[in-house]
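Undergrad: Order-wise, the sequence lines are chains L and X. If you're matching positions, the first sequence starts at 1 in the numbering used here and goes up one per residue. If you're matching positions, the second sequence starts at 1 in the numbering used here and goes up one per residue.
Just so you know, these hints were derived from the structure itself, not from any lab. Keep in mind that the hints are not guaranteed to be accurate.
Note: identical chains are not told apart, hence a pair may lie in one copy or across any two.
[To be verified] Calculated cross-link-like contacts (lysine to any residue; reagent style SDA-like; alpha-carbon spacing at most 25 angstroms):
| id | residue 1 | residue 2 |
| --- | --- | --- |
| 1 | K77 | H94 |
| 2 | K113 | L411 |
| 3 | K336 | A50 |
| 4 | K14 | K134 |
| 5 | K98 | P110 |
| 6 | K416 | E115 |
| 7 | K87 | G105 |
| 8 | K336 | G467 |
| 9 | K134 | I333 |
| 10 | K134 | L354 |
| 11 | K57 | E351 |
| 12 | K87 | R54 |
| 13 | K344 | D400 |
| 14 | K14 | A330 |
| 15 | K394 | L354 |
2 protein chains.
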Amino acid sequence: MSKNLTKRSEDYSKWYNELVIKADLAENSAVRGCMVIKPYGFSIWEKMQAELDRKFKETGHQNAYFPLMIPKSFFSKEASHVEGFAKECAVVTHYRLKNDEDGKGIVIDPEAKLEEELIIRPTSETIIWDTFRKWIQSYRDLPLLINQWANVVRWEMRTRLFLRTAEFLWQEGHTAHATREEAVEETEKILDIYANFVEHYMAIPVVKGLKTESERFAGALDTYCIEALMQDGKALQAGTSHFLGQNFAKAFDVKFAAKDGKLDYVWATSWGVSTRLMGALIMTHSDDNGLVIPPNLAPDQVVIVPIYRSDEQFNSVSEKANEIMTDLRARGIRVKFDDRDTHKPGWKFNEYELKGVPVRLAIGPRDVENNTIELARRDTLEKEMIPGSEIVEKVVSLMDEIQKNLYKKALDFRTKNTTEVDSYDEFKEVLEDKGGFILAHWDGTVETENRIKNETKATIRCIPLEGEKEEGTCMVTGKPSVRKVLFARAY
Amino acid sequence: MSKNLTKRSEDYSKWYNELVIKADLAENSAVRGCMVIKPYGFSIWEKMQAELDRKFKETGHQNAYFPLMIPKSFFSKEASHVEGFAKECAVVTHYRLKNDEDGKGIVIDPEAKLEEELIIRPTSETIIWDTFRKWIQSYRDLPLLINQWANVVRWEMRTRLFLRTAEFLWQEGHTAHATREEAVEETEKILDIYANFVEHYMAIPVVKGLKTESERFAGALDTYCIEALMQDGKALQAGTSHFLGQNFAKAFDVKFAAKDGKLDYVWATSWGVSTRLMGALIMTHSDDNGLVIPPNLAPDQVVIVPIYRSDEQFNSVSEKANEIMTDLRARGIRVKFDDRDTHKPGWKFNEYELKGVPVRLAIGPRDVENNTIELARRDTLEKEMIPGSEIVEKVVSLMDEIQKNLYKKALDFRTKNTTEVDSYDEFKEVLEDKGGFILAHWDGTVETENRIKNETKATIRCIPLEGEKEEGTCMVTGKPSVRKVLFARAY
């Protein structure tokens, strides 16, 4: 298989699009802005799902399922939510088609017009809080910790596979609490779960922070986020966790009786990560040879490619390969033995490089004789001859090593590409020449934030929760600032 | 907790609706015909999903994801498919809302009308075969074995929780093959997977068979099905597997080059089971006390309820309970220790009966003293005192025993309620007085089938694949018949 992949240095965006398609992750469908997630891409998403689902359940959350279609009027109930979400969306207006009287296929039946239009959920706060009203009466019903794995639709004009699609897959958590403190604690706990997952499972370092008011979720009092840095110096928001205060409880009239019998509105959070994480995965680790997948997420962690000319050679090589495969599987490693006779070894090497399989083993007749195996690492592209007696231990320890190496590489990249600046000129210079994360003082006003955005296309990614809190003056207005905030151009 | 459940003998349909809601499985939402699947119900569905997913993957199928919205014109491409599916469906006509100029909330933006309407998938053959065209060129790309877990929408007028809802969750398999034989083999293999799952995992006996022409999936050459018998004597179709021939390949122009280079259309199958299985589960095993769940599907297989008056008693009882819980978990049993002090033991007993937990253990101070535990089986409602030294083994073996007992009970019920008849009068009599499955000779024509349906509301559930093939004459027309077929009134 010839890869013919555009180099990242030539055209990063083209490289990304080609890689997503050539590595069999996803492709565009006949429906504008909607993608098909191909089996290989979906199997990586399934690994993410499984691990996140485990973490949610471990912390007491339960899955449930709410309707895809939401009555239009629900969106108007929470004032700021409607502005943010009920605009670019898919609207269901009819419930029947009929044969065209002129014989031109099928047409809408005008008699089957809905009294009230239904909106395909762009997010489910409204329908879920309409349901929570029935589930919550007393403090005994709280906390209510619900998660939903679902598809959502937001009508995006410019779409890109995984990064921005009209329909995408995600999980959305929705929780209800008796006190403000407990809801804030939940919001932060989820942020930690997300950060932990993205850093340790996906090997992507993130900055945890708070969004500024103008970047907040529509209807939230606070939006926490994790921000990652892509190889082209642009930021990507990898997950958000919202403290919703009592906004949705008030909009949907959800009250609970406290222990002392007093009625009060319930406190809420919501939080989500989506198939966008696939984009983050690709743009953090992959290279000009194709995908690079951390072992934790790799559908196949190891592939064994046999090298042979005759049937006899194939048999002896296969025997050795099966032996190694059995031993590796016993150690919990996901191994594939690619014994297809329809493709040459070189073609297979290219394919598995393109698909990012962490470790490739090649075994030929010589290796059987000498009891050696050729091992190639996808992350470093290094090859090594390993004695047969050591191969299992070597591969097992490599899983951990590659996982850590990918994280370290990404962290080093981010460190090199995070710049502290003190003046607006320096800010613009760094943004143009180097890109990446920029830490700078800001006066805390929407006006200054908007000015910077309009003049440079950089946005405040977050007000970091961690790191130094040195006071200073805003790089644009000179007004006082309590700490530097994180800027970048972003996906 | 007081159950207040209508008795099955009084009003089966009311009993069902009450049970679904009181056992926290699902409820109606604000959206007509769309349900909310509550956490307890969803956790049972997740168990079904996990087991089916494992079986699909074990047999070489891969998951993928295709768009929710399908262009209207796609449905017209396969002639019989459009008749069956493009009628009662949710139609997306616009992609934007705007603020009403009169300040009355939000309204459709007439400028944002789609050129071509999009249909929320009622099933995905069309969009998937449009995609398969790009994935299949040569025999090397076959077989292509794809599955999708998804939500679908069919605009049903009369809906019932789980049994018939406008939106439901399901899996839909779509496969492509080089030969007719291979596609038929796949269709049958999946039917076996379904039957196996429903019988051994859900403890529901099924009859495997072929649908008659008029009951076939729109676009299929053959529809295989599994049919189960509910406690009220009505049948429920629990899963279908369709042999689609080359219909969709022709409609979407999907050809492949065979080894000899010759181009031919691809052969197809599709198959699915849905959240309707939850309805089958409930209506097969449950009783007037509530839900009965087979151990394989029970979110909690065992619940331990402590009985105490003082803190001291609670402590010693808890110690014992935790010990047993640890031992049971080590044996792979899902155990919950309900130590809530907000509810009395009697209330808890009722709750777990209602929710169908297979085994309940109760431990009081006397039991700690005597080293005994009270064990109650949900399936038989029997109680027994078990010595502490035997409790773990007893519970472990009960899991298997209860699973088998539920299957046997359901099978006995079906056997008792399956009647062979030789005349149409007898047929009508049995249908009225006894209900259940009726085996009778039929002449194989649509006319006779329709006449029976119109006159008795009974349909041919299937032409059984197994069982005796005794020739005879049609009970209605007296024309020759090759074997008796299975009739029933159905959900």
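Undergrad: Indicate, hint by hint, whether the structure satisfies it.
TA: Hints and how they fare:
1. Proximity of K77 to H94 under the C-alpha cut-off of 25 angstroms is found in both arrangements, the shortest distances being 23 angstroms within a copy and 21 angstroms between copies.
2. Taking the shortest Cα distances, K113 and L411 never come within 25 angstroms of each other, neither inside one copy (55 angstroms) nor across copies (46 angstroms).
3. Taking the shortest Cα distances, K336 and A50 sit within 25 angstroms of each other both inside one copy (21 angstroms) and across copies (23 angstroms).
4. With identical chains, the CA atoms of K14 and K134 are at most 25 angstroms apart between copies only, with a shortest distance of 21 angstroms across copies and 50 angstroms within one.
5. For the identical chains of this complex, K98 and P110 are neighbours both inside a copy (9 angstroms) and across copies (23 angstroms), given an alpha-carbon limit of 25 angstroms.
6. In this assembly of identical chains, the alpha carbons of K416 and E115 never lie at most 25 angstroms apart, being 57 angstroms within a copy and 48 angstroms across copies at closest.
7. In the homo-oligomer, the alpha carbons of K87 and G105 lie at most 25 angstroms apart only across protomers (12 angstroms), although the nearest pairing inside one protomer, at 31 angstroms, exceeds that limit.
8. Proximity of K336 and G467 under a CA criterion of 25 angstroms is satisfied in neither setting, with 43 angstroms inside one chain copy and 42 angstroms between copies.
9. With identical chains, the CA atoms of K134 and I333 are never at most 25 angstroms apart, being 46 angstroms at best within one copy and 33 angstroms at best between copies.
10. Taking CA atoms no more than 25 angstroms apart as the test, K134 paired with L354 passes between copies only; the shortest distance there is 20 angstroms, against 51 angstroms inside one copy.
11. For the homomeric pair K57 and E351, the shortest alpha-carbon distance between copies (22 angstroms) is at most 25 angstroms, but the shortest distance inside one copy (37 angstroms) is not.
12. Taking identical chains as interchangeable, the C-alpha atoms of K87 and R54 are never at most 25 angstroms apart, the minima being 34 angstroms within one chain and 40 angstroms between chains.
13. Neither within a single protomer nor between protomers do K344 and D400 lie at most 25 angstroms apart by alpha-carbon distance, with minima of 30 angstroms and 50 angstroms respectively.
14. Taking the shortest alpha-carbon separations for K14 and A330, neither the intra-copy value of 41 angstroms nor the inter-copy value of 52 angstroms comes in at or below 25 angstroms.
15. Taking identical chains as interchangeable, the C-alpha atoms of K394 and L354 lie at most 25 angstroms apart only when both belong to the same chain, with a minimum of 23 angstroms there against 53 angstroms between chains.
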